[in-house]
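Enquirer: Between the sequences and the hints, there should be enough to build the whole structure, so can you do that?
Numbers in our numbering are just positions in the sequence shown, counted from 1, shifted up by 109.
You may find that some hints are simply not true.
Listed below are the simulated SDA-like cross-link pairs for lysine to any residue, each with C-alpha atoms no more than 25 Å apart in a straight line [claimed, not checked]: (1) K290 with P403; (2) K357 with L379; (3) K290 with D273; (4) K184 with K226; (5) K371 with A402; (6) K188 with G127; (7) K226 with P148; (8) K357 with E429; (9) K191 with N324; (10) K401 with E377; (11) K350 with H336; (12) K305 with E429; (13) K382 with T289; (14) K290 with G224; (15) K191 with S154; (16) K432 with A402; (17) K345 with R179; (18) K226 with T240; (19) K279 with A320; (20) K305 with K357; (21) K184 with T240; (22) K401 with S372; (23) K350 with Q180; (24) K191 with K226; (25) K350 with K378; (26) K155 with K188; (27) K190 with F337; (28) K432 with E377; (29) K184 with R220; (30) K290 with R220.
No wet-lab data here; the hints were simulated from the structure.
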Amino acid sequence: MKESGTVLNILGESIYPGESREAAFNIAKLHTQTPVDVPVIIERSKKPGPTILFTAGIHGDEVNGVEIVRQLIAKGINKPKKGTIICIPVINIFGFINMNRSFPDGRDLNRVFPGVKSGSLASRVANQLITEILPHIDFVLDFHTGGALRFNAPQIRIAKGNPDYDAMAKVFGAPFIVYTKNISRSFRNTCNQMGKPILLYEGGKSLHIDANVTNTGVNGAKRVLHHFGMLRSNFKVSKPKKEPLYVKESKWIRATFSGMFKSTTHIEKLVEKGEVLGHITDPYGKFNHFVKAPNAGYIININDAPLIYQGDALFHISIEHDK
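Expert: Structure representation (structure tokens):
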């Protein structure tokens, strides 16, 4: 990784080693012509070192991730022993304000990268992030949350076949490391194409803050900073409670009927083939269908919705996993 011991010119600011600055990531103006600027918190050590980026809120309703980055700032974890730490707690500020996943133009920001300078609102934000911030970065931690009432077990998502990513995912120390393909036009895929290493953390569900999920995220961030020699000595680094489980293959268990749904299992549980995970009923007490595990595996996502339709994803279960 490059050394960041010289002036950092970013978002119109010139920031020298040892300085702290809150730069403005200019998104757009409201209909009232009121500007909307997303704060970008930049902390630089006098000692040269890597530049780490913490991001959250690419989806406006994923509050768990926002809370993790907020804690990193509030506790001073983002003040590095060496190098530079940049925090963007809320990228999709419009969605965050409106408690909505998408941008006002209806687009999913995480499907328009690398964006276009003269494109839609979401595309312009993506382009600005890629052109003005990412070139300065050596390593990215991007915090996400399960959507649509689906609760994710704390997990790091990476693509298969990269030993460096495997090693860094293990350093982070989430309970699960889930292998998933890079999605076209996502932030993660674009970072990979630009040669910027990135770990994507998922945990919890939208519009909800879960203490275990946020604690896992904060502790993982501290482990990564410690790994790069950037965590100050007044912060302790805890070991993960257990070795991460590598989920090499997984599948969704989908509803075969519509109705009222209730899970009877819990997140992170190792279940046996044929074990009852929940049941689907009707409002009239005439129907009761048991949802069973199609194979032995760990439950890494549970749908918390009380009403579901045929075909809805209910549980995410591992098929192939090891330590």
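Enquirer: Take the hints in turn and mark each one as holding or not.
Expert: Status of the hints after comparison with the structure:
1. For the hint linking K290 to P403, the alpha-carbon distance of about 23 Å falls within 25 Å, and the restraint holds.
2. The hinted pair formed by K357 and L379 meets the criterion: a straight-line CA distance of about 15 Å does not exceed 25 Å.
3. Using a Cα cut-off of 25 Å, the hinted pair K290 and D273 holds, with the two alpha carbons roughly 16 Å apart.
4. Distance restraint check for K184 and K226: the Cα-Cα separation of roughly 35 Å exceeds the 25 Å cut-off, and the hinted pair is therefore not satisfied.
5. For the proposed pair K371 and A402, the alpha carbon gap of about 15 Å is at most 25 Å, so the pair holds.
6. Under the criterion of a C-alpha separation no larger than 25 Å, the hint pairing K188 with G127 is consistent with the structure, at around 10 Å.
7. Proposed proximity of K226 and P148 is supported: the alpha carbons are some 20 Å apart, at most 25 Å.
8. Only pairs whose Cα atoms come within 25 Å are accepted, and K357 paired with E429 is accepted, the gap being roughly 5 Å.
9. This hinted pair checks out: K191 and N324 have alpha carbons roughly 24 Å apart, not beyond 25 Å.
10. Pair hint K401 plus E377 holds up; C-alpha atoms about 16 Å apart against a cutoff of 25 Å.
11. Our distance criterion of 25 Å between C-alpha atoms is met by K350 and H336, whose separation comes to about 18 Å.
12. Our distance criterion of 25 Å between C-alpha atoms is broken by K305 and E429, whose separation comes to about 28 Å.
13. Restraint check for K382 and T289: satisfied, since their Cα atoms lie roughly 23 Å apart, inside the 25 Å limit.
14. Note on K290 and G224: the hinted pairing holds, with a Cα-Cα distance of about 20 Å set against a maximum of 25 Å.
15. Restraint check: the Cα-Cα separation between K191 and S154 comes to about 5 Å, which is no more than 25 Å; the hinted pair holds.
16. A C-alpha spacing of about 22 Å is found between K432 and A402, which places the hinted pair at or below 25 Å, so the restraint holds.
17. With a C-alpha separation of about 18 Å, the suggested pairing of K345 with R179 holds against the 25 Å cut-off.
18. Pair hint K226 plus T240 holds up; C-alpha atoms about 10 Å apart against a cutoff of 25 Å.
19. Between the alpha carbons of K279 and A320 the distance comes to roughly 21 Å, so the proposed pair stays at or under 25 Å and holds.
20. In summary, the hint linking K305 to K357 is supported, as the alpha carbons are separated by about 23 Å, within the 25 Å threshold.
21. Restraint check for K184 and T240: the C-alpha separation of about 29 Å exceeds 25 Å, so the hint is violated.
22. Proximity of K401 to S372 is assessed by CA-CA distance (about 11 Å); at most 25 Å being required, the pair is judged to hold.
23. Of the supplied pair hints, the one linking K350 and Q180 holds, its CA atoms being roughly 21 Å apart against a limit of 25 Å.
24. Restraint check for K191 and K226: the C-alpha separation of about 34 Å exceeds 25 Å, so the hint is violated.
25. Between the alpha carbons of K350 and K378 the distance comes to roughly 15 Å, so the proposed pair stays at or under 25 Å and holds.
26. Pair hint K155 plus K188 holds up; C-alpha atoms about 11 Å apart against a cutoff of 25 Å.
27. About 10 Å separates the Cα atoms of K190 and F337, which keeps this hinted pair within 25 Å; it holds.
28. With a C-alpha separation of about 14 Å, the suggested pair K432 and E377 falls inside the 25 Å cut-off, and the hint holds.
29. Proximity of K184 to R220 is assessed by CA-CA distance (about 32 Å); at most 25 Å being required, the pair is judged violated.
30. Taking the CA atoms of K290 and R220, the gap is near 14 Å; set against the 25 Å cutoff, the hint holds.
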